[in-house]
Amino acid sequence: MGAFLHRHRGLTPYLLLAPGLLWLGIFFLIPLGFLGYESLQSGLFPNFEFTWEFSNFSDALSSYHEQLIRSFFYAGIATVACLLLAYPLAYWIAFKAGPWRNLFLLVIVAPFFVTYLVRTLAWLNILADQGPLVGFLRSIHVLGANEHLLSTTFAVVAGITYNFFPFMALPLYVSLEQIDSRLLEAAKDLYASSTKAFLRVTLPLSAPGIVAGTLLTFIPAAGDFINAALLGTPKQTMIGNVIQAKFLESLDYPTASALSFILMGAILVALLVYARVVGTEKLTG
Amino acid sequence: MTDPRFNDPLTRRQLLRRAAVGGTVLTLPALLAACGGGSSASGTTAAGTGGGKPQLKDVLNFSNWELYIDTKKPTTLQQFTEKTGIKVNYYEDVNSNDQYFAKVQGPLSQGKGIGRDIFVATDNSRFPGLYVSQEWVQELDKDLMPNFANLVDAQASPPFDPDRKFSMPWLSGMDGIAWNEDLTGPVTTVTQLFEDPKLKGKVTVWTEMGDTLGLVILDNGDDPSKVTDDSFNRAIDRVKQAVDSGQIVRFTGNDYAQPLAKGDLAACFAWSGDVAQLIADNPKLHWGVPEKGGIIWTDNMLIPLGGDVPTASTYMNFVYDPKVSAKIAVETTYISAVKGVKDEAVKIDPDAAKNPLIFPDDDILAQLHQNDPAMLNNDDYVTKWQEVQGK
Chain F
1 MGAFLHRHRG
11 LTPYLLLAPG
21 LLWLGIFFLI
31 PLGFLGYESL
41 QSGLFPNFEF
51 TWEFSNFSDA
61 LSSYHEQLIR
71 SFFYAGIATV
81 ACLLLAYPLA
91 YWIAFKAGPW
101 RNLFLLVIVA
111 PFFVTYLVRT
121 LAWLNILADQ
131 GPLVGFLRSI
141 HVLGANEHLL
151 STTFAVVAGI
161 TYNFFPFMAL
171 PLYVSLEQID
181 SRLLEAAKDL
191 YASSTKAFLR
201 VTLPLSAPGI
211 VAGTLLTFIP
221 AAGDFINAAL
231 LGTPKQTMIG
241 NVIQAKFLES
251 LDYPTASALS
261 FILMGAILVA
271 LLVYARVVGT
281 EKLTG
Chain Z
1001 MTDPRFNDPL
1011 TRRQLLRRAA
1021 VGGTVLTLPA
1031 LLAACGGGSS
1041 ASGTTAAGTG
1051 GGKPQLKDVL
1061 NFSNWELYID
1071 TKKPTTLQQF
1081 TEKTGIKVNY
1091 YEDVNSNDQY
1101 FAKVQGPLSQ
1111 GKGIGRDIFV
1121 ATDNSRFPGL
1131 YVSQEWVQEL
1141 DKDLMPNFAN
1151 LVDAQASPPF
1161 DPDRKFSMPW
1171 LSGMDGIAWN
1181 EDLTGPVTTV
1191 TQLFEDPKLK
1201 GKVTVWTEMG
1211 DTLGLVILDN
1221 GDDPSKVTDD
1231 SFNRAIDRVK
1241 QAVDSGQIVR
1251 FTGNDYAQPL
1261 AKGDLAACFA
1271 WSGDVAQLIA
1281 DNPKLHWGVP
1291 EKGGIIWTDN
1301 MLIPLGGDVP
1311 TASTYMNFVY
1321 DPKVSAKIAV
1331 ETTYISAVKG
1341 VKDEAVKIDP
1351 DAAKNPLIFP
1361 DDDILAQLHQ
1371 NDPAMLNNDD
1381 YVTKWQEVQG
1391 K
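Line by line, the protein sequences give chains F and Z. Read in the working numbering, the first sequence has 191 at position 191, and its numbers run on one by one without any break. Just remember that the working numbering sits 1000 ahead of the position in the second sequence, which is counted from 1.
Please keep in mind that the hints were generated in silico from the structure rather than gathered at the bench. Here the structure is a predicted model, which means the values were calculated and not measured. Note that CB positions come from ideal geometry on N, CA and C, so glycine has one too. Incorrect hints may appear among the rest.
What the hints assert, rightly or not - Label-pair ranges, simulated between beta-carbon atoms:
#1 Z/Gly1022 / F/Ser194: 51 to 57 Å
#2 Z/Pro1356 / F/Phe54: 55 to 61 Å
#3 Z/Asp1058 / F/Asn102: 47 to 53 Å
#4 Z/Lys1226 / F/Leu21: 57 to 63 Å
#5 F/Val273 / Z/Asp1281: 49 to 55 Å
#6 F/Leu11 / Z/Glu1135: 51 to 57 Å
#7 Z/Leu1026 / F/Leu21: 19 to 25 Å
#8 F/Gln130 / Z/Lys1226: 31 to 37 Å
#9 F/Phe154 / Z/Glu1135: 42 to 48 Å
#10 Z/Asn1095 / F/Thr12: 54 to 60 Å
#11 F/Arg7 / Z/Leu1026: 48 to 54 Å
#12 Z/Tyr1090 / F/Pro132: 31 to 37 Å
Just chain Z, same shape as in the assembly:
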């Protein structure tokens, strides 16, 4: 067929020109994204110290959960910068322990850094133990941490780090149920959360196995600190039922906070201090320990491979000053692990000493339990837990 285009074949020049244009168009967005992201990844390298006082870096990169630090100026981060001259890049990119692990296990397993000097992991997950046993975290420099002595006795020797060589508590908190008064009456039991038809499709639970199953195990009347196959299976079955019935819409990390505040969720599992901070945006939110009991946990600061140990240790020392810890605890309404915090807290806010979220009294403490480390590290259980989430 005499198609005019055949008289006019593609010349080499045309091919090269069009290939260049096409190639540029296809790769330009990716290059721009890579350039934009590259600068934030240039973290600190481990300081090579010669003898004597170690050199501190002038930037500290700190990964933490959201709603987990004070925001009223001058913030403790600003106070730290004033005192030491070290600027702090604070990243609220820990949404859940397993998601953060997914992000960092690649570089850490190859011995590479993650662009951070400190990150935070919760003790009621299998991850702090995993980080320590895999040697993906570095030892603290206790010489730079005279305030280490301020650590409360109860936190001196956790199972995953008996000598506190690798970690220091950041804050402790409680697992409970939050609800939005506009959408539902008080939700005080796990049974109500999982079975009340008014809440259908507007309920979330955590991706964290320890947190979610801990509350369900308690609601079943079993002991979360000594989990058996039976008590585990009973709890898993209840969660699975609630997922299948459409009651639970999603498994979340810390990202239940914004949907709860916006009204996309009617009720959900929530952490104690989050709701108190969200009430400023939405006064209709409430939080409570479930009737059958709650879980108490502690987040720990860890120094990943590639992080600068002296700089990180200096920051940890700063945070263990009771005045600093008091400001953080009072504004986040979480529990501090520093001795002498109560006296300092009262100076900032006289009502703070009476706030059970920051200073739980014995009645509340009696309702709180800790997770069984054996359950958290059981690979079989982890697989079953992933399957309930559809993965």
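Chain F with its partners taken away, still in its complex shape:
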């Protein structure tokens, strides 16, 4: 056996990959194939027939393009908000926190010990009309007496930002933490101010973290439905709500599968454009 493996050394990488590929094949590719098969079916529950029904895709797109665009819009804003909020935090933890860094990392992750639904429900109380936030904003006249925070686009985007915050903060922290501090020392030695050192050294070196964070935030956020369902009105529904309703309430599996593929396709296209713009060497650092 040992001799066989030694002679076929080239096989080793593939043998090492085999378990992972097997997992991917069984739990991802096969279900994906079945979903594709379902998206080309027609008929009513439970009597679906495979009829190469490509019109499922065009019908779904024409009926629900509004929710699709809205989902990308909300996910995009939430990603940018996460980036702007998480970067200073990650920077501070990586460079200034010292012995407290593990504690702060734990604090970022701690909400995840509570389920997603309960975390989002908490926002119903925070943003409620009788809640502290609205009362405060009304007292400083930022919010009118008849305006509210809950059941608005703001609430939905805020909920998405909050729920995906650790997915942005942790990759940023990891890439910032890896920056060799001697590079910053060298920059200072060469008469760079703190700001210049940050812009010319730290920021570019943290690019892999930014890319990873934005991907990990944007992709799941685009398919999210819980925030829109709990914190928004029917005018804020996202494509995830449509897919969920089609699968579970209307039992319209072909349309739901078609929408799932459309969402996946749209995200892949966005990803390709992003990778092209950013440059793939940033992904690997």
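Starting from the known structure of chain F, fit chain Z onto it as the hints suggest.
For chain Z alone, kept in the frame of chain F given last:
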């Protein structure tokens, strides 16, 4: 570059240790959640009976709507346990027919149980018919139900279960409009609910197509029991307008009750008995049948696949005792389908017989209509209804 870290590469031991820690941290919450949830899902299995009297389980799992059972001790559930020794786990997890369907259609479509012996579905939705036609519910054991004879004649033969093989009515109720006196004057028409600017953003309607559109169709002057494409489209357009203008903030199931009581909502579509029960928390709440008419419906008890038929049938029989049904009807202020309930109700509460919510007189009954089953089962209509909700 001579980075000190390159002199000190990750050893196998470090990698394994860190992977173990990372893996544990990431999976621990999920495992804890799964363990916590697992025990409640261990429902009863179908009893395998050999001949003779079937063995009853010692636990009954019952899913129902909220605000739908008596709460004054000794409750009827406690009375049932005393009488039969069967403990009842009562879950108020039916928030709306479509949401409950979404939850159970997965296991039921694969022939698996849902951890319940009885659940409840409303006849003015497409779901009781769907459950029966898909064979996701089991036949009742009428041998264990001598009280079946107490079922009122009007409920003997519903369209989705003409021989009452699979279902028994739980309670009936009415659709109407509730309002909070602190936030608005009386809201007596659907038009006012949808168009009064004072109510903007503080109005909800149901996710249930039959309930919501039934009231709107009536307000348009059409007949909800014979719906045409025109009357349907007129009603849908009005709801869509109210959503677009921001008047309707959300589509709810039973979850309008708490926001209404708290004052988050000024007025909403509401079910008849709910508000009477909420008044204890907030005396400023009112409910009324809309001027142009209301809808009357009946909730039905069904036994899902995996539920224990003898145990469930025994419970249904218990509930069809007029004394038991009277207690439930009087405390929930909904309408019972059991004969002889009025006499028993008066013994519990002399005013109960005069309460139109529990015993509607002919005047009120004349204002109430039933939904058209054809509308409820029309897939085209269902799709349009989902689109109005943004999905």
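Verification of the hints:
no., hint, result
1, Z/Gly1022 / F/Ser194: 51 to 57 Å, "violated, 34 Å"
2, Z/Pro1356 / F/Phe54: 55 to 61 Å, "holds, 56 Å"
3, Z/Asp1058 / F/Asn102: 47 to 53 Å, "holds, 50 Å"
4, Z/Lys1226 / F/Leu21: 57 to 63 Å, "holds, 60 Å"
5, F/Val273 / Z/Asp1281: 49 to 55 Å, "holds, 54 Å"
6, F/Leu11 / Z/Glu1135: 51 to 57 Å, "holds, 52 Å"
7, Z/Leu1026 / F/Leu21: 19 to 25 Å, "holds, 22 Å"
8, F/Gln130 / Z/Lys1226: 31 to 37 Å, "violated, 45 Å"
9, F/Phe154 / Z/Glu1135: 42 to 48 Å, "holds, 47 Å"
10, Z/Asn1095 / F/Thr12: 54 to 60 Å, "holds, 55 Å"
11, F/Arg7 / Z/Leu1026: 48 to 54 Å, "violated, 39 Å"
12, Z/Tyr1090 / F/Pro132: 31 to 37 Å, "holds, 35 Å"
Consistency with the previously given hints fails for numbers 1, 8 and 11, ordered from lowest to highest.
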